[in-house]
Amino acid sequence: MDELPDFTIHHIMIYLSAKEVVQTSVLSKKWFNLYVSFAIFDFHELYKWFIGDLSNKNPATFRKNETIRFHKRLNRFTEFVDAFLVRFSNQKLCMQKFRLLIGLLDVEASSFLHDKWIELALRNGVKELDLNVQIYKNAMYTLPWTIFTAASMNALTLEGCKLEHIPEIIRLYSLKCLILNKVAINKEIVQKLTSQCPLLEGLKVSSCVLIVRITISSYRLKKLSISSCIKLKEIEIDTPNLLYFYHSNHPILTPIVNAPCPWELHFKNAIDDLGNKVDLDAQWFLNMKDFLGVSNQIRFLVMDVWSKRVQIA
Amino acid sequence: MASSSSSSSTQVKKITLKAADGKHFEVEEPVAMEMETVKSFFVGNEDAMKDMVVPLLNVSSEHMPAILDFYRNHSEFRKRTPPPPAEEVKAFNEAFLENKSDEQLMEMIMAANFLNTKELLNFLTEAAANRIKNKSVEYVRAFFGIENDFTPEEEARIRAENEWAFDGLDED
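Those sequence lines, one after another, are chains S and V.
Residues in the first sequence are numbered from 1 upward in steps of one, following UniProt numbering.
Residues in the second sequence are numbered from 1 upward in steps of one, following UniProt numbering.
Where hints are given, some of them may not hold.
Computed cross-link-like contacts, DSS-like style, restricted to lysine-lysine with a CA-CA straight-line distance of at most 27 Å [as the list claims (entries may be wrong)]:
id	chain 1	residue 1	chain 2	residue 2
1	V	LYS133	S	LYS48
2	V	LYS13	S	LYS19
3	V	LYS135	S	LYS29
4	V	LYS135	S	LYS48
5	V	LYS118	S	LYS97
6	V	LYS118	S	LYS127
7	S	LYS19	V	LYS135
8	S	LYS30	V	LYS118
9	S	LYS176	V	LYS135
10	S	LYS29	V	LYS133
To spell it out: a stretch of chain S is covered by chain V in this simulated footprint if at least three of its residues, at any positions, have a beta carbon under 8 Å from a beta carbon of chain V; those stretches are [said to hold, decoys possible]:
id	segment
11	9 to 15
12	25 to 33
Please keep in mind that the hints were generated in silico from the structure rather than gathered at the bench.
Source: prediction; values computed, not measured.
Idealized CB from N, CA, C, for every residue including glycine.
Just chain V, with the same shape it has in the complex (with noise of 0.2 Å):
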């Protein structure tokens, strides 16, 4: 994966993760580091701990690899110098959404918020918003599994108060 040149033999740190299903993940510190929840497990503790396993209750296994992935290649971008240009920062955004699903980009969203990680929630929260522009509401529902819980009578009366939202504009 992102450790192809590491030119030097200085050792980098890792640190082990274990997602929600008990596999373990070792990663470089910096990386880990990305991740609020997993540094606030250190804070204090700087050297003592590093051995220990971070226990990440709310991440399936399922989504380390690519939530890795998008941090090691995140943060190499914002090492280099000069900055890469942004037609190769944006190639790798749309690779790394490309083959998600809707239910697997959820999840992401999920687990970027327990991580607590900003760059990878802000990215993950535009791209939800980005399938959901000038859909339906049925879609969108369907979208995020949401559960209508209005009666016929209450949602019809949300979109005559807000008509306006759900047809073009008026005829005048």
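Bound conformation, chain S alone (with noise of 0.2 Å):
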């Protein structure tokens, strides 16, 4: 039987998992080079392989034996990671997918090595950059400037880390979908990222708890989300195009939203700086109708709330 082409032994690639996919690079020299070769890396769900039964525990709760544990398995993870994108960026091949999940003990002394990854995957001109940093203490890991530079990159995905030292001029020409999730931003930002990037049509802010104000305006948004940013205290959003608006979060005063297109809003309690629920007062009731005033396309409102003094028949 003849052999199969090499592009349907990278099709078969992506059905199997990380782990998978390293066990083919042993059949033969010509699998090894379409080892080396596969263009999507999912180290995401290869961390947690690697760290095993320690992957959803809390490191801050580890007894001793197991932070030796962590850190053994984490070592291995890392020199996995390192060798095999070294490996490849050899090649001087195009990276499809580049998925990392990791989790950090030690911000400082580890954010080299992933400034270095990034950096890789960046030159490899990484399609779809997907970075999940899992912070236990208050350190974050800060992005490399470089990013905002990745022009054949069309979906970024971010969680856990920091973005800082935006650059005057941000070259994200290809970019068309944004998540960013528990990520330490400014208003700045975002208002650069939504301005600057010309094909940007999605675009996820979801508990970045830091964030006070977003301002928004494109005439290219498709579908914004923006959920769970507990200190936000300012809208102002223009977006004409947009086909798609979902809000969930304690209602705030005074909304500047243009969007004309359907809404879901979802309305909760406002949270303190412990981040306790706050209770609902005359206050959030009227930024609550203030809110509601501003759209008259509103398909869905949800009020997912909860409350001592007020009964709500």
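Bring the two chains, given one by one in their own frames, into a single complex with the hints.
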């Protein structure tokens, strides 16, 4: 029987787990080369596999032997990812997808390595980048500014890291979809990203707990979702071509939103600095009333609230 | 086969495909056009050449009926409103694969690759992946008809480098 064409072998690899893809490296020389040139890196799944039973635990609660075990496994994972990326990038191939989940105990000590991985992915023209950095203390990994220069990237998903040092001109010319979850960002970055990415159609901002103001102005944007940004005080959105707007937060006063499309609103309690729900008060209801007055296309309204004082009939 | 209930008398245009061994297959135009290789044959010559026989040099006639069956059913699934229940599609797909040997599956992947039909290629490569999941290296080699051209030393070195992927989790 003839051997399958290379393209179809890579196609089969799409349906294998990352570990199973690694296993194919030993089949033959041809397969080894195919394995090295496979352009989809799902280190997200591999991390869970390497870290095993510790992956769902918070290292703050580790016993001593667990900490040692965690470090040992993390080192093996790190070595593997590093070797893999270096080998791939030596071939000067285009990277389709890079997905990384990693938990860090010491953010500062390991950030140079993550910077290097991101650089390698960017240099190989990565199309989809998905980074999830689990944080256990308050220290956060800061992404290198070069991430704003990834001209061929069309999807970016970030979780648990910090975006700062935004350059004057950003070059995310192909970016269509941006998801920011638990990312430390500010108004300027969101504003710049939405106004300077010429193809951006989808934006999701969730659990970005530091952001206080969101200002978005885009003719391109089609889908916008803002949720669980607990410090949010102001939003100013001008998106005349939006097709869908989702907002899930405490109601803020006088939102300015130009989005002539269906809305889905979930109103929740405000959260105080200690992370506790704040009981509903008159202001909350006034804010909500105010918010509801902004659009006549509210498709869904959900109130997911808790109160000791107010009876909602 | 699929032409069971063509209610109206509107004539569906047919296209003739010629398999590698010379056998002819008459196929409804929309079904034939699912295959990029066939489609590209007609690009720019919309009407004039529809009577032509399209030669498919890399597809054996053994697999043509199954490939056409796949597309007739799947294009019907796609057209139906409301969409068919997931179980129905799943049942068809499972039945489709049930009596296919590993070798037939490989040959059909090659055919789907040649015909440049995304849906079928996705479906078949996923099926191949499922058949090699959790299987030993030796099994996978036999499955794909791979000849191991590594020296024992080379193979041992690669295994050692990625030892973790071949064993279970380390004992710590």
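Outcome of the hint check:
1. Of the pairs offered as hints, the one joining V:LYS133 and S:LYS48 holds, with about 19 Å between alpha carbons and a cut-off of 27 Å not exceeded.
2. For a cut-off of 27 Å, the pair hint linking V:LYS13 to S:LYS19 is broken: about 48 Å separates their Cα positions.
3. Of the supplied pair hints, the one linking V:LYS135 and S:LYS29 holds, its CA atoms being roughly 19 Å apart against a limit of 27 Å.
4. Distance hint between V:LYS135 and S:LYS48 is fulfilled; the C-alpha atoms sit about 21 Å from each other, no more than 27 Å.
5. A C-alpha spacing of about 20 Å is found between V:LYS118 and S:LYS97, which places the hinted pair at or below 27 Å, so the restraint holds.
6. For a cut-off of 27 Å, the pair hint linking V:LYS118 to S:LYS127 stands: about 20 Å separates their Cα positions.
7. Of the pairs offered as hints, the one joining S:LYS19 and V:LYS135 holds, with about 12 Å between alpha carbons and a cut-off of 27 Å not exceeded.
8. Of the supplied pair hints, the one linking S:LYS30 and V:LYS118 holds, its CA atoms being roughly 24 Å apart against a limit of 27 Å.
9. Of the supplied pair hints, the one linking S:LYS176 and V:LYS135 is violated, its CA atoms being roughly 39 Å apart against a limit of 27 Å.
10. For the hint linking S:LYS29 to V:LYS133, the alpha-carbon distance of about 21 Å falls within 27 Å, and the restraint holds.
11. Using a Cβ-Cβ cut-off of 8 Å, 5 residues of the segment 9 to 15 of chain S lie near chain V, which meets the minimum of three, so the contact claim holds.
12. Taking a C-beta to C-beta cut-off of 8 Å, the segment 25 to 33 of chain S contributes 8 residues in contact with chain V, enough for the three needed, and the coverage statement holds.
The structure shown violates the earlier hints numbered 2 and 9.
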